[in-house]
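2 protein chains.
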Amino acid sequence: MQASEASIRTAVQAGIEVCFANPGTTELAWVQALDSVPGIRAVLGLFEGVCTGAADGYGRMTDRPALTLLHLGPGFANGIANLHNARRARSPIVNIIGDHASWHLAADAPLTSDIASLAHPVSSWVRSNQSAKDLASDLAAAWAEAAGMPGRIATLISPTDGQLGEGEPARIPERRSTAVVDHDAVSAASRALRGGRHPLLLLGGLALRDAGLRAAARIAGSTGARIVGETFPARLERGGDLPSIERLPYFPDQAIEAIAKHDVIVLAGAVSPVSFFGYEGIPSSLVPPGAEVVTLSSPEADASAALESLADELGARASEAAAASRPDAPIGPLNPGSLGQALAAAQPEGAIVVDEGATSGMPYFLAAAGAPRHSYLGLTGGAIGQGLPCATGAAIGCPDRQVIALQADGSGAYTLQALWTQAREGLNVVTLLCSNRAYRILQVELGRAGVAEPGPIARSLTDLSNPTLDWVELAEGFGVPACRVDTADDLNRQLEIGFAESGPRLIELDLA
Amino acid sequence: MQASEASIRTAVQAGIEVCFANPGTTELAWVQALDSVPGIRAVLGLFEGVCTGAADGYGRMTDRPALTLLHLGPGFANGIANLHNARRARSPIVNIIGDHASWHLAADAPLTSDIASLAHPVSSWVRSNQSAKDLASDLAAAWAEAAGMPGRIATLISPTDGQLGEGEPARIPERRSTAVVDHDAVSAASRALRGGRHPLLLLGGLALRDAGLRAAARIAGSTGARIVGETFPARLERGGDLPSIERLPYFPDQAIEAIAKHDVIVLAGAVSPVSFFGYEGIPSSLVPPGAEVVTLSSPEADASAALESLADELGARASEAAAASRPDAPIGPLNPGSLGQALAAAQPEGAIVVDEGATSGMPYFLAAAGAPRHSYLGLTGGAIGQGLPCATGAAIGCPDRQVIALQADGSGAYTLQALWTQAREGLNVVTLLCSNRAYRILQVELGRAGVAEPGPIARSLTDLSNPTLDWVELAEGFGVPACRVDTADDLNRQLEIGFAESGPRLIELDLA
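These protein sequence lines are chains A and B, in that order. Letter by letter, the first sequence follows residues 0 to 511 in numbering that gives the first Met the number 0. Letter by letter, the second sequence follows residues 0 to 511 in numbering that gives the first Met the number 0.
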């Protein structure tokens, strides 16, 4: 059979169920194979950043890789920013990038480029298929690399002659194995926590799932350690009876102050904390001088299992269930505070909250500590334009859950085409589009840099008010029903409508 | 003074006048420098693909590099697709990419990535600034590389500590020199043209400007050579009294047939023609078997001067002025044919036509042969999403000329954020948005691949009708007045309005 068909058979056999695609002429054999072999849902994005961001959201919520299908170097390049976020989230993704027929590469046709050079910065595994008979096993190898826990990004470059030649389905290899719990590390962490005056347990990655959080709470109960989560979690389970944790603040001076008193820091699935940007006079590392840092589990290992081993070694008992309570719906003016309160008050059980709200979204996290069980997805890599695509993919992965995109306007404008895919696929995504009509974070950063009076160019380059983006028109232009609210009461009402109805909806919040 | 300020002073001294920007925290010193030093217009794009595509359009029309100012690896990555087009267009561009402070790179903060690996595929020159005192000279070197004729893309990676330290303006170096006319090549081309039974002169790059076209017409008059332009010109001057030339067809079988009879092909600013994609059974090279191919001038050299030398060597006289005439405005139904006719009938003197119309735009080129003088800009690299940004930059570069974006819907959806920059800057761009609600070219390619009945996934992945994109709402959402037409008469009327008014306007053409 055709190698592309053999490869899709292999993908189905491996358990791949979704392909986020924006194919071109060099991917048509892959498209035909998706028709030949049942089992993979093909989801079209109007822009590749939608496809890769959706694969990230899908991977975070299902722990399984989706395929992306992208068109040569430029098409792939459009997806790099969200692959950067996915790499930092340790999401499993298998990228398939079509390329010219191998015999055509030397012609340097207009779309020829160095795809591997583009792929390496966002992929742990890059391979260019060399022949049709290898294509299915190449795809199987990509899957095995991507599908370990935590996930990785594997990128297969696929020339057309390799797609069109003869191939056979490949055996499904073992997926990349997860590092087992290091008992020396558990003992070292146990000693450090018991020996510290002010121990801190910093959680990241897989430690932020149920089992890790419950084990961490046992450890805290037993040792008095403070539990803090990394600033931008790929996926943090929250609410209901789960132990509630704080997050490390974003700005480095605030983060340094927040953990200054700790003499012992135990890392579980988190890297040693560093400043998001390098500011003159502030060190890269946020670790208090002299503090002992002990790695219980790297982000690449099974941090939840390591935490459970540590809790057992400490003889820690189960902690009491958190007393879940959430705020009442706010009344009065609309601002980031009342927005956070309104969303926390209204979000349904099992919601998935994708937070690219930037400055507008900040109060929400605290407000939602006592909300019903939900998953919270952060901007892991700092590459903006992640929120709407990630919400799209999360909704494909979890059709029975309400997805909520808490979305800033500046970053939302990067990849707004995701709204069309939400409409096309009828996804349950409610987008709270926070229109403050500025790159507010940059205005804050200018202030932090001591610029009291920005000049006209600095003001212009951080301003989105001229002209105003009309998000109701933009959403409806892509087929998503939308409305605008400018009071908390309006927002409460629209959230109720949005969560009651099925399909996507956008609520523009006037925060200017 | 601060190195960023010294560098902007140097840029102004070199003649740089525009910066297409989407900065972030790591570029704030550059932003402040733009305020400190008068002379550079800062133009904000809502997405980096808008900035790089605009720099391409600006470069094609002014032959001078603009700056782009982009945020780390992911921000730059968003601009790669249009830099790919710019590289193929040989447009001059200087990219400035902010990076973390050099002392912060080892911390592997969330936004850290291998920027150079991303930059190399679309840059002929990549440098990472090593110290503040070198920053201005690094920028000067980037300018010198970019600003030669034809242009190139130079990319300067700029860590924040190098921006903030002390620097001095740099001496402006000589720009990269253009290869002089090769008189042996002129003689060889002269011999070949005179010796051939059916000689063909294939023009590309700088040969498609006035002087090259007029010299080519002299050569044709003297030798009987047929004049053909490359398929996707960066900038082809047309209309008025300029000699009119045909373009090589896009599909390789058509291109092979079109030039099959030629026994001699002389290349002037064009590369030897190759198929856009590699199709089984069709060779990469479109050159007829046995034909002699002679390079008069590579695309990197001054092809116009080479053509003039050749015309002189041949003793060729000036050709008669072309009899300029254009079609009447069409009546009746709207389709690609009547669209082409309507635009050719209405376009004002001096228009700049950016053609990313794909299948909908094809008839326009023939119809406009006798239109008043205009510049025609093609999709040089095949990376879609070029049209609206390129039109934006062309309008910044040529404020007194009417810019027309002949734009397909699928590719238009890639970078529609360019409309906002058009509104913000009040640019004279009329966009003809061709809504056929399909990736029609892919449907054509499926047919060419022998797929008579595409399956449901192939149909879905090439279909844009579910839901329909409402381009009037999308344009108005970004602040651009818009309307929809579904007859040729409506289109004629709206073109008249659009060309009479100043500022941007979008006309959605219902071609489904």
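Just so you know, not all the hints are guaranteed correct.
[To be verified] Distance condition first, Cα-Cα at most 25 angstroms in a straight line; then the derived SDA-like pairs of lysine to any residue:
hint, chain 1, residue 1, chain 2, residue 2
1, B, K132, A, P282
2, B, K132, A, A191
3, A, K132, B, A290
4, A, K260, A, D327
5, A, K132, B, Y278
6, A, K132, A, L163
7, B, K260, B, D240
8, A, K132, B, G38
9, B, K132, B, G38
10, A, K132, B, V11
11, B, K132, A, I281
12, A, K260, A, L163
13, A, K260, A, E299
14, B, K132, A, L163
15, A, K132, A, E167
16, A, K132, A, A115
17, A, K132, B, K132
18, B, K132, A, G280
19, A, K132, B, K260
20, B, K132, B, K260
Hints in this document: simulated from the structure, not taken from any laboratory. All of these numbers come straight from a predicted model, not from anything done at the bench.
We went through each hint and held it up to the structure:
no., hint, verdict
1, K132/B / P282/A, "23 angstroms, holds"
2, K132/B / A191/A, "46 angstroms, violated"
3, K132/A / A290/B, "37 angstroms, violated"
4, K260/A / D327/A, "34 angstroms, violated"
5, K132/A / Y278/B, "19 angstroms, holds"
6, K132/A / L163/A, "10 angstroms, holds"
7, K260/B / D240/B, "29 angstroms, violated"
8, K132/A / G38/B, "59 angstroms, violated"
9, K132/B / G38/B, "22 angstroms, holds"
10, K132/A / V11/B, "57 angstroms, violated"
11, K132/B / I281/A, "23 angstroms, holds"
12, K260/A / L163/A, "63 angstroms, violated"
13, K260/A / E299/A, "28 angstroms, violated"
14, K132/B / L163/A, "55 angstroms, violated"
15, K132/A / E167/A, "7 angstroms, holds"
16, K132/A / A115/A, "21 angstroms, holds"
17, K132/A / K132/B, "55 angstroms, violated"
18, K132/B / G280/A, "20 angstroms, holds"
19, K132/A / K260/B, "40 angstroms, violated"
20, K132/B / K260/B, "60 angstroms, violated"
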